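S.K.: Sequence:
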Amino acid sequence: LAEQQQSKYLDLYTILPSEISMQLAEVSLALAAIEDQVCQDIQKTREIKEDFSSRIQDMSEKLKTISSKFNEKSPDVEHAKEEVKRLSEDLDGCGSALSELDASLQDFSRSNPLLAKQLSEAVSKLSEMHHHTSRLADSRASCLQAVCYLDEYNEMLDFIVRWADKAQSLVRANIIWNSSVHLQEQIRIHQTILFKKPNMSTFLKCSFSLVVLVR
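With the working numbering, you'll find the sequence shown wraps up at 1430, consecutive numbering, no jumps.
Some clues are possibly wrong.
[Stated by the list, open to error] Derived EDC-like pairs (lysine to aspartate or glutamate); straight-line CA-CA distance at most 20 Å:
1. K1288 with D1353
2. K1284 with D1307
3. K1340 with D1266
4. K1284 with D1266
5. K1279 with D1366
6. K1340 with E1293
[What the hints assert, rightly or not] Here are the computed distance ranges between Cβ atoms for each label pair:
7. S1268 with R1350: 43 to 53 Å
8. H1347 with R1387: 58 to 68 Å
9. C1254 with H1347: 36 to 46 Å
10. I1257 with Q1360: 29 to 39 Å
11. K1300 with E1370: 14 to 24 Å
12. I1257 with A1312: 25 to 35 Å
Everything labelled a hint here was simulated from the structure, so no lab data went into it. Source: prediction; values computed, not measured. Every residue, glycine too, gets a C-beta built ideally from N, C-alpha and C.
Could you build the full structure based on these sequences and the hints that come with them?
M.R.: This is the structure in structure tokens:
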């Protein structure tokens, strides 16, 4: 614009008025400042986008790793318990990071709604992945709990079988009357067993009564 004005006045064989020259200089400075500000904003937006993209990528990799670990078989129940606990803690950490990421994206959307919309699609996919992994974690925990119950049931069943065998042998044996001191010792032993196996209290109390009578 300044060059056009100067050329126009040169064609008229005169110089550009100082007032117009000063105004054009001010406009040039303002445009230069605006250009610098635009460049800074573009650079800042690029850095924010790279930061969001990096966080999204890192979280995606973490969720994939956690999901893969949940699908792996453990050598034993104790190892499985520790692994599920550790992975669940990692998953909770991802959930917290995802909430922070979503909140940051909401703030960013006020200044750059177009770019925020693109990033929000990636965050939505992350949320779906986190939800799927959480369901996988719940399923693994339920299976592990079922295994623990099964082990406890087998242990209880084995104890019942051994107790029944002992009771049958006592029933078949001849009745031998012992002293009250010996009976008190037997009572103490069976009460100790009852204390260690509270879930078997009803069954063992009945069995205990039978044993005391036989003895």
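S.K.: Indicate, hint by hint, whether the structure satisfies it.
M.R.: We went through each hint and held it up to the structure:
Restraint check for K1288 and D1353: satisfied, since their Cα atoms lie roughly 16 Å apart, inside the 20 Å limit. Restraint check for K1284 and D1307: the C-alpha separation of about 15 Å stays at or below 20 Å, so the hint holds. Between K1340 and D1266 the alpha-carbon distance is near 17 Å, which keeps this suggested pair within the 20 Å criterion. With a C-alpha separation of about 27 Å, the suggested pair K1284 and D1266 falls outside the 20 Å cut-off, and the hint is violated.
At most 20 Å may separate the alpha-carbon atoms for a hinted pair to count; K1279 and D1366 exceed this at roughly 31 Å. As the CA atoms of K1340 and E1293 are separated by approximately 34 Å, the hinted pair breaks the 20 Å bound. Between S1268 and R1350 the beta carbons are some 27 Å apart, a value that contradicts the proposed interval 43 to 53 Å. The hint said 58 to 68 Å for the Cβ distance between H1347 and R1387, and at roughly 60 Å that hint holds.
Here the CB-CB span from C1254 to H1347 is close to 42 Å, well matched to the stated 36 to 46 Å. For the pair I1257 and Q1360, the beta carbons lie near 54 Å from each other, so the given range of 29 to 39 Å is not met. Evaluation of the 14 to 24 Å hint for K1300 and E1370 yields a pass: the beta carbon distance comes to about 23 Å. Judged by the Cβ atoms, the range 25 to 35 Å given for I1257 and A1312 holds: they are separated by roughly 28 Å.
Violated hints, in rising order: 4, 5, 6, 7 and 10; the structure is consistent with all others.
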